[in-house]
Amino acid sequence: MRTVDRVDWLETLTGFHDSGLRYLDLLTGIDRGDDVEILVRVVDPARLAEPAGVETITTLVPAADRRLPSLVSLYPAASWHERETAEMFGVGFDGHPDPRPLLRRTALGAPPLLKTTVLAARVVAPWPGAADPAGGRRPARRPRPLGVPEDWLREDWMSEEAT
Amino acid sequence: MTTQHGVIALIPQACTSCMICVRECPSWCITVDSHQEEVSEPGSRRPRTVSVLDNFTIDYGLCMYCGICVDVCPFDALAWAPDVDYSSDDRAGLVHDTERLAGWVPHE
Amino acid sequence: MIGTLSARQAFRLADLPGVRVVMASLGLACCAMEVESAVRMGLLLEDDQEPAEAERTVLLVAGTVTDALVPAVTAVLAELPQDTTVVSFGACAGTGGPYWDAPTVTKGVDQLVVVARYVPGCPPRPDALVAGLRSVASEGGIRS
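Chains as they are written, first to last, in the working numbering: chain A, 1 to 163; chain B, 1001 to 1108; chain C, 2001 to 2144.
Chain A extracted, bound-state conformation (with noise of 0.2 Å):
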């Protein structure tokens, strides 16, 4: 797996068309926190075993121009891939024939895979893990639930004077 600049992006994924790698596998992003990390497979179903029929690449989309072209006109199959990682990361992805939604109902709110995008259900839910164990030895550090950033955890709430 390598990384290529996004410039390179189109230009690369043409050359593996070319070479017989017809088949797009998975289209997908990761938030890496400054970037968004966009992830592609192509496959030849034929020779799948082999290393020549497999690629996957990535590249980094930054938070300042967070924008790729669209592989749709390559890989028809790129199109719901796309449309998913849009509205999941906030990416966009120019040329795309059909920039809908795909999973959500709504393209309103916050993209829900960032990193930055805090589910509100599990900050404002007590969390049972909050509560003093046994012999009441308060952590030094409130424990947090996994997820909930150090910014978005209302302490008063969890505290037992709220309670």
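In case anyone wonders, no lab produced these hints; they're calculated from the structure.
A few of these clues could be false.
Far from chain C, some chain A residues (derived; all Cβ distances over 10 Å) [as the list claims (entries may be wrong)]:
| hint | residue |
| --- | --- |
| 1 | Met1 |
| 2 | Thr12 |
| 3 | His17 |
| 4 | Ser19 |
| 5 | Arg22 |
| 6 | Leu60 |
| 7 | Arg67 |
| 8 | Gly95 |
| 9 | Leu113 |
| 10 | Ala125 |
| 11 | Ala130 |
Covered by chain C, according to a simulated footprint, are these stretches of chain B (three or more residues, beta-carbon under 8 Å) [what the hints assert, rightly or not]:
| hint | region |
| --- | --- |
| 12 | 1060 to 1072 |
| 13 | 1087 to 1095 |
Just so you know, even glycine gets a beta-carbon here, dropped at the ideal spot from N, CA and C.
Place chains B and C on chain A using the hints.
Showing chains B and C alone in chain A's frame:
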């Protein structure tokens, strides 16, 4: 005979109220209430501090039967049991407390 | 809009002839697979007939009730007799289950209709289904 994941049983004598299962549960369906007591022992200079479990509950309305709590308990206080017949008229009846959880008989 | 008739299947409990189970098979497939399993094991028998007089209809809601599917679920509810007993099968249909935190999930079918029995499980086994239905039947009003 398979180890049927019917319901999760508690062995209260083994529970130290460490809260690891509570914190690791992805569904947040476990609660543990506990307090500490000092126990004087004859012949020892200082009293021992022991944890006392007040209430252990699992909400089987939210439980997804992943078994992380069973796996993660350092004292094997939680175990799978085969029972499946515990449907309820209301949501509250799906929350099992210490007594009810201790009543389930784990697999051998 | 999902065709409501195609979303329903009717069954009878193999050992409780007076109970006719109409299953709303909406939402995630996991719990519906266990109902299907109960059919394959012979615990539920498929049934095409209209309910006879004095027979009670039980609606089994198996699977996650997403907000998108609420209109389809309420359409099924509207088609059934007034005294239909609703049984929620599995954690999602009962409370939203592991998806209680999702903005797109209805936290249990009891947000839409009164539920007579909650069968816990994720998914519940076919024998849990039969045990739950038997509890409903034994609570009275249903001949067997």
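So, going through the hints one by one against the coordinates:
Distance check for A:Met1 against chain C: the nearest CB is about 31 Å away, which clears 10 Å, and the non-interface claim stands. Even its closest Cβ contact with chain C, about 36 Å, leaves A:Thr12 beyond 10 Å, as expected for a residue assigned away from the interface. No Cβ of chain C approaches the Cβ of A:His17 within 10 Å, the least distance being about 35 Å, so the stated non-interface status holds. For A:Ser19, the non-interface assignment is confirmed: its Cβ lies about 38 Å from the closest Cβ of chain C, beyond the 10 Å cut-off.
Consistency note on A:Arg22: stated as away from chain C, and its beta-carbon is indeed over 10 Å from all of that chain's, at 31 Å minimum. Consistency note on A:Leu60: stated as away from chain C, and its beta-carbon is indeed over 10 Å from all of that chain's, at 29 Å minimum. No beta-carbon of chain C comes within 10 Å of the beta-carbon of A:Arg67; the shortest separation is about 27 Å. A:Gly95, annotated as away from the interface, keeps every beta carbon of chain C farther than 10 Å; the closest lies near 29 Å.
The beta carbon of A:Leu113 sits about 13 Å from the closest Cβ of chain C, which is more than 10 Å, so the claim that it is off the interface holds. Distance to chain C contradicts A:Ala125 as a non-interface residue, since its nearest Cβ pair spans about 7 Å, not more than 10 Å. Non-interface call for A:Ala130 relative to chain C: holds, since the shortest CB-CB distance, roughly 16 Å, exceeds 10 Å. Given a C-beta distance limit of less than 8 Å, the hint that chain C covers the region 1060 to 1072 of chain B holds, as 6 residues qualify and 3 suffice.
Look at the region 1087 to 1095 of chain B against chain C: 7 of its residues bring a Cβ nearer than 8 Å to a Cβ of that chain, three or more, so the hint holds.
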